[in-house]
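J.: Okay, here's what each chain looks like letter by letter:
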Amino acid sequence: MKQLKGTSLFVKALKEEGVDTVFGYPGGMVTDIFDELYKEDGIEVILPRHEQALIHEADGYARSTGKVGVCLVTSGPGAANTVTGIATAYYDSVPLVCFSGQVPLHLIGNDAFQEVDIIGMTRGICKFGMILKNREDLGRVIKEAFYIARTGKPGPVVIDLPKNLMVEMGSAEYPKEVNIRGYKPSTGVHIGQLKKAMGLLWKAKKPLMLIGGGVNIARAGALLTQFVEETKIPVVTTIMGKGAIDTDHPYYIGNLGMHGEYAANMAVSECDVLYSIGTRFSDRVTSKISEFAKNAQIVHIDIDSAAISKNIKVDIPIVADAGEALAAMLKYNKRCDTDEWMEIIRGWKAEHPLGMKPARGVCPETVIEYINKTFKESIVVTDVGQHQMWTTQYLELTKGKQLLTSGGMGTMGYGLPAAIGAKLGNPDKPVICISGDGGMQMNIQEMATAVAHELPVIICIMNNGYLGMVRQIQELFYSRHYSSVCTCWRKGCDTKCGGPSSKCPPYSTDFVKLAEAYDAMGIRVEKEEEIAPAFEKAMQNTKGPTIIEFIIDRKDMVYPIVQGGKPLTDMILE
Amino acid sequence: MKKRWISLYVENYSGVLAKVAGLFSAKAYNLDSLTVGATEDPTVSRMTIGVISDDATFEQIKKQLNRCVEVIKVIDFTSIPIHRNELLYIKVACPAKEDREEIFRIAQAFGAAVIDCDMENVLLQCVQTEQRNDSLIALIRDNFKDIEVVRGGSVAIESISMM
Numbered sequence: 123m124k125q126l127k128g129t130s131l132f133v134k135a136l137k138e139e140g141v142d143t144v145f146g147y148p149g150g151m152v153t154d155i156f157d158e159l160y161k162e163d164g165i166e167v168i169l170p171r172h173e174q175a176l177i178h179e180a181d182g183y184a185r186s187t188g189k190v191g192v193c194l195v196t197s198g199p200g201a202a203n204t205v206t207g208i209a210t211a212y213y214d215s216v217p218l219v220c221f222s223g224q225v226p227l228h229l230i231g232n233d234a235f236q237e238v239d240i241i242g243m244t245r246g247i248c249k250f251g252m253i254l255k256n257r258e259d260l261g262r263v264i265k266e267a268f269y270i271a272r273t274g275k276p277g278p279v280v281i282d283l284p285k286n287l288m289v290e291m292g293s294a295e296y297p298k299e300v301n302i303r304g305y306k307p308s309t310g311v312h313i314g315q316l317k318k319a320m321g322l323l324w325k326a327k328k329p330l331m332l333i334g335g336g337v338n339i340a341r342a343g344a345l346l347t348q349f350v351e352e353t354k355i356p357v358v359t360t361i362m363g364k365g366a367i368d369t370d371h372p373y374y375i376g377n378l379g380m381h382g383e384y385a386a387n388m389a390v391s392e393c394d395v396l397y398s399i400g401t402r403f404s405d406r407v408t409s410k411i412s413e414f415a416k417n418a419q420i421v422h423i424d425i426d427s428a429a430i431s432k433n434i435k436v437d438i439p440i441v442a443d444a445g446e447a448l449a450a451m452l453k454y455n456k457r458c459d460t461d462e463w464m465e466i467i468r469g470w471k472a473e474h475p476l477g478m479k480p481a482r483g484v485c486p487e488t489v490i491e492y493i494n495k496t497f498k499e500s501i502v503v504t505d506v507g508q509h510q511m512w513t514t515q516y517l518e519l520t521k522g523k524q525l526l527t528s529g530g531m532g533t534m535g536y537g538l539p540a541a542i543g544a545k546l547g548n549p550d551k552p553v554i555c556i557s558g559d560g561g562m563q564m565n566i567q568e569m570a571t572a573v574a575h576e577l578p579v580i581i582c583i584m585n586n587g588y589l590g591m592v593r594q595i596q597e598l599f600y601s602r603h604y605s606s607v608c609t610c611w612r613k614g615c616d617t618k619c620g621g622p623s624s625k626c627p628p629y630s631t632d633f634v635k636l637a638e639a640y641d642a643m644g645i646r647v648e649k650e651e652e653i654a655p656a657f658e659k660a661m662q663n664t665k666g667p668t669i670i671e672f673i674i675d676r677k678d679m680v681y682p683i684v685q686g687g688k689p690l691t692d693m694i695l696e
Numbered sequence: 000m001k002k003r004w005i006s007l008y009v010e011n012y013s014g015v016l017a018k019v020a021g022l023f024s025a026k027a028y029n030l031d032s033l034t035v036g037a038t039e040d041p042t043v044s045r046m047t048i049g050v051i052s053d054d055a056t057f058e059q060i061k062k063q064l065n066r067c068v069e070v071i072k073v074i075d076f077t078s079i080p081i082h083r084n085e086l087l088y089i090k091v092a093c094p095a096k097e098d099r100e101e102i103f104r105i106a107q108a109f110g111a112a113v114i115d116c117d118m119e120n121v122l123l124q125c126v127q128t129e130q131r132n133d134s135l136i137a138l139i140r141d142n143f144k145d146i147e148v149v150r151g152g153s154v155a156i157e158s159i160s161m162m
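From first to last, the protein sequence lines are chains U and S. Count along the first sequence starting at 1, add 122, and that's the number in this note's numbering. For the second sequence, position 17 matches number 16 in this note's numbering, and the numbering has no gaps at all.
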């Protein structure tokens, strides 16, 4: 029988899985694999500048293309650096296969150089993880890894590859089929339950759809839109569900939750049937659980049975893929009389529309509006913080547009690398990264990756010289104790400073010079009229990334805000 | 809150015990007892798990276990007739003759076996439900100062005649 070296079977397996891009950072225990990849022309290896960013890049690639993101790192620090990225992907159900090198089997447990138990470290934050113990299992393990990552509720899979097994000769076979006795992802929909659920909708006076990220992952937005148009039931979304239905659709209300829109939070609090698909009712969505949708009977459709009745007790549970459920729902739908209910909702919208008060400096809302009208088919990627919430509030998502954001984990440093991954997967679409001055500097080194691959990502930094989201919480709920949030701070500043003043030292990172240091373009925007020219210049820079630093008001806030533990109706509006 | 029992069929490879035990600690489930051993099929292990929880948490525990790739099957023993026992060893220091005789009488009453002894110590082995073992321990603790207890955790299997 034909024999192959482990590394050769590894590359063969990637090709059989249709992998054309690998995010890889070399090191001692994976040099053999990189040597094999060197000989293979059909797989592009992207070299990031840090392994955390590597995972976010594969994550952005996977979210934007729907393909499995493939990561390859070395043992020890290489593997340990992936932890935050893996957790980020896990919480947002992103399909990744992360291969880590490992010291040879006979050295494991000896505290060998660059030995860490990465499977132990990631056990609680990945969908599945295992260390290869036999060369003969290599093909099967890789096959299963891809299968587990992309099916059911998708998620990251970690496979640890001891160096000695990768250079060992063994079977050349890559299996065609998968059969894992403990893993049978749910298929189909229980039609009886579904009819019961829809029966509730027809009887409801104030029905409401709550759409989570599951609908976007299933790429079932068109089915949802058709359902809503035929039934006339209004829709609220979670941050991860935003864009499942066009945001300018007349039956779309907005995001709900901690920074949700007034009308959306009111609608969910007043509705009598809440029909939810693909959400896990996180605390940022529900706020005080006992007050959440307390007038409503709740239907919950989710692919993950463990998500059902975990946080919210539901009346009708249905375990199903969002796409399959919506396709089945379309067979039984009918028009609901929601005219009066929509009137009430429109009243709330008119009462408290979203909008930022004009402030000093550049208004983030204006920047996002410029992005809305300029980039039709595009991918917008955010980091985490105030700019992220403004983006989820003001970004318009219509057909062909996508928003990538770290929703579950809220990982600062996600934005730039994820935007790079998205651009690699979608070279023909504009990719705009919206970041803050804090998060941007958590993975700033990826500017080098973007420059190396000539990726024209437009990076908008909303710079207010603060870790603004925390500053805002301190302002509202901690007696304005601005503890460790000022990024202008220097030795000599009053540690109990009560906010910005004319005595503040200058902001220390010059993002324009920093861009230039990376051989990229940098533009600073301090006035509203500079927004359009800056973007025009950035769009002309097609050979690499452009940083546009927007100097925004230091005291800008995200409104509405619901304090943790308070009911959703308890919104601070301004 | 009450005590409940689950049986798990799991893959028999390294890391599975850590996965299951880690799930309980990560999610702050109240794990009371966990035993594991290979089955008649060497690729499959079976765990017997005792948890203390309310109804909603118990449902969640079963679902979380079910979604582990390594878990082949979850059986809720709540309403299934089962045989369940725990292995208990108690070493009792009893230098006085009358104390040793008292221990022998207690052992007989509880169906425990005297498996080792010298003139100063007696070692009992008791295979009973964990509640009955609790009672035996309580009784001996109340009457003897110097004792040593090792418990194995419960194992359980579905009943044949009472199904």
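If you are wondering where the hints come from, they were derived from the structure by calculation, not from laboratory data. Treat the hints with care, since some could be wrong.
Distance condition first, Cα-Cα at most 27 Å in a straight line; then the derived BS3-like pairs of lysine-lysine [as the list claims (entries may be wrong)]: (1) S:K61 - U:K410; (2) U:K318 - S:K62; (3) U:K416 - U:K471; (4) U:K306 - S:K62; (5) U:K435 - S:K144; (6) S:K2 - U:K435; (7) S:K1 - U:K298; (8) S:K72 - U:K265; (9) S:K62 - U:K265; (10) S:K26 - U:K688; (11) S:K1 - U:K317; (12) U:K410 - S:K62; (13) S:K90 - U:K435; (14) S:K61 - U:K306; (15) U:K435 - S:K96; (16) U:K328 - U:K456; (17) U:K265 - U:K327; (18) U:K318 - S:K61; (19) U:K306 - S:K26.
Label-pair ranges, simulated between beta-carbon atoms [what the hints assert, rightly or not]: (20) U:R303 - S:F103: 45 to 51 Å; (21) U:H312 - S:K26: 22 to 28 Å; (22) S:D117 - U:D233: 49 to 55 Å; (23) U:R303 - S:Q124: 35 to 41 Å; (24) U:H603 - S:D75: 48 to 54 Å; (25) S:A20 - U:Y492: 17 to 23 Å; (26) S:E157 - U:N301: 56 to 62 Å; (27) U:I230 - S:I146: 52 to 58 Å; (28) U:D233 - S:S134: 44 to 50 Å; (29) S:D75 - U:D692: 52 to 58 Å; (30) S:K26 - U:P307: 19 to 25 Å; (31) S:A20 - U:E413: 31 to 37 Å; (32) U:H312 - S:E157: 51 to 57 Å; (33) S:E157 - U:V300: 29 to 35 Å.
Owing to the predicted nature of the structure, the values given are computational and were not obtained by experimental measurement. Glycine residues also receive a C-beta, built at the ideal position from the N, C-alpha and C atoms.
J.: So, against the hints stated earlier in the document, which numbers end up violated here?
T.: 5, 7, 11, 13, 15, 17, 22, 25, 26, 27, 29 and 32
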